[in-house]
Amino acid sequence: YGKCLHDLCERKAKFESGIFAEHFDDEKAKSGACLFKIGCKGPYTYNNCPKVKFNAKTSWPVAAGHGCIACSEKNFWDEFGNYEKPMANPFSYAKLVNQEFSTEFALEEQ
Numbered sequence: 001y002g003k004c005l006h007d008l009c010e011r012k013a014k015f016e017s018g019i020f021a022e023h024f025d026d027e028k029a030k031s032g033a034c035l036f037k038i039g040c041k042g043p044y045t046y047n048n049c050p051k052v053k054f055n056a057k058t059s060w061p062v063a064a065g066h067g068c069i070a071c072s073e074k075n076f077w078d079e080f081g082n083y084e085k086p087m088a089n090p091f092s093y094a095k096l097v098n099q100e101f102s103t104e105f106a107l108e109e110q
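For the record, in the sequence shown the residue sitting at position 59 is 59 according to full-length UniProt numbering, with numbers rising by one throughout.
Just so you know, not all the hints are guaranteed correct.
Unchecked claim - Once the Cα atoms are required to be at most 35 Å apart in a straight line, the calculated DSBU-like pairs of lysine-lysine come out as:
1. K30 / K12
2. K3 / K37
3. K3 / K57
4. K57 / K37
5. K14 / K30
6. K85 / K51
7. K30 / K57
8. K12 / K57
9. K74 / K3
10. K51 / K30
11. K3 / K14
Source of the hints: derived by calculation from the structure; they are not laboratory data.
From just these sequences and the hints, can you work out the full model?
Next comes the structure, spelled out in structure tokens:
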């Protein structure tokens, strides 16, 4: 998919501003705060969910108030299973994934 789901998310500005929901039923979560601290895996996920959406393009989990669970990622069950806890440093993971993609594409082109 090329882009990190986080880059396409409508809540990304809140992430960059440091406005995070602390739990699912707080007012910040309801008003569009970033869901990273309550387990959103968007910074680790490469997919187009915010663009294509689910249910005949009506919504997707983050818009509905639940963080991304990274269900399309390799090793999803083993690495992303704790839905309500954030993972450490999302940006180091993104770099690792980009390196992995670069290696895979380089091997395919030969």
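The hints, checked one at a time:
| no. | hint | in the structure |
| --- | --- | --- |
| 1 | K30 / K12 | 15 Å, holds |
| 2 | K3 / K37 | 21 Å, holds |
| 3 | K3 / K57 | 19 Å, holds |
| 4 | K57 / K37 | 26 Å, holds |
| 5 | K14 / K30 | 13 Å, holds |
| 6 | K85 / K51 | 25 Å, holds |
| 7 | K30 / K57 | 21 Å, holds |
| 8 | K12 / K57 | 20 Å, holds |
| 9 | K74 / K3 | 15 Å, holds |
| 10 | K51 / K30 | 21 Å, holds |
| 11 | K3 / K14 | 19 Å, holds |
In this structure, none of the earlier numbered hints is contradicted; all agree with it.
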